[in-house]
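Peer 1: Mapping of the sequence shown onto the working numbering: residues -19 to 64, in sequence order.
Some hints here could point you the wrong way.
Restraint-style ranges between C-beta atoms, simulated for each label pair [stated by the list, open to error]:
hint : residue 1 : residue 2 : range
1    : E19       : L(-3)     : 23 to 33 Å
2    : A42       : A0        : 18 to 28 Å
3    : D20       : Y48       : 39 to 49 Å
4    : N30       : E(-9)     : 11 to 21 Å
5    : S50       : R27       : 27 to 37 Å
6    : A23       : I47       : 31 to 41 Å
7    : L(-3)     : I47       : 17 to 27 Å
8    : S50       : T(-6)     : 16 to 26 Å
9    : L(-3)     : A28       : 42 to 52 Å
10   : T46       : D20       : 33 to 43 Å
11   : P51       : T5        : 36 to 46 Å
12   : I43       : T5        : 23 to 33 Å
13   : E19       : L44       : 34 to 44 Å
14   : L44       : D1        : 12 to 22 Å
I should point out that these hints are in silico values taken from the structure, not numbers from a laboratory.
Just so it is clear, CB atoms sit at the ideal spot from N, CA and C, and this is done for glycine as well.
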Amino acid sequence: MVGHAHRIPLEVVTSMLEMADMAWTALEHRRGGRAGDAEDDEAAQLRAENLRLRGILADNVAILQTIYDSPALSSDCPPDVISS
-19 MVGHAHRIPL EVVTSMLEMA DMAWTALEHR RGGRAGDAED DEAAQLRAEN
31 LRLRGILADN VAILQTIYDS PALSSDCPPD VISS
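Could you build all of it, start to finish, from the sequences and the hints given here?
Peer 2: The structure is reproduced here in structure tokens:
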């Protein structure tokens, strides 16, 4: 269980880094101000990447909800942490 416990947070961190990288890339492209078809293609690529990252985020939310609902992990936490 010790090895497995470190895997989930790394997946979440990896996804967050991907989202931060995508946000930075979008900011750089916004500053560039290109015109024409290249801008439309780029916008389509950004939308596709945004959808991909939303899917990853939804998966991570489901993982976090599973962790939150897990009685094995909840018993290790102080009562004030798990109270609703």
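Peer 1: Give me the numbers of the hints this structure contradicts, sorted from smallest to largest.
Peer 2: 9
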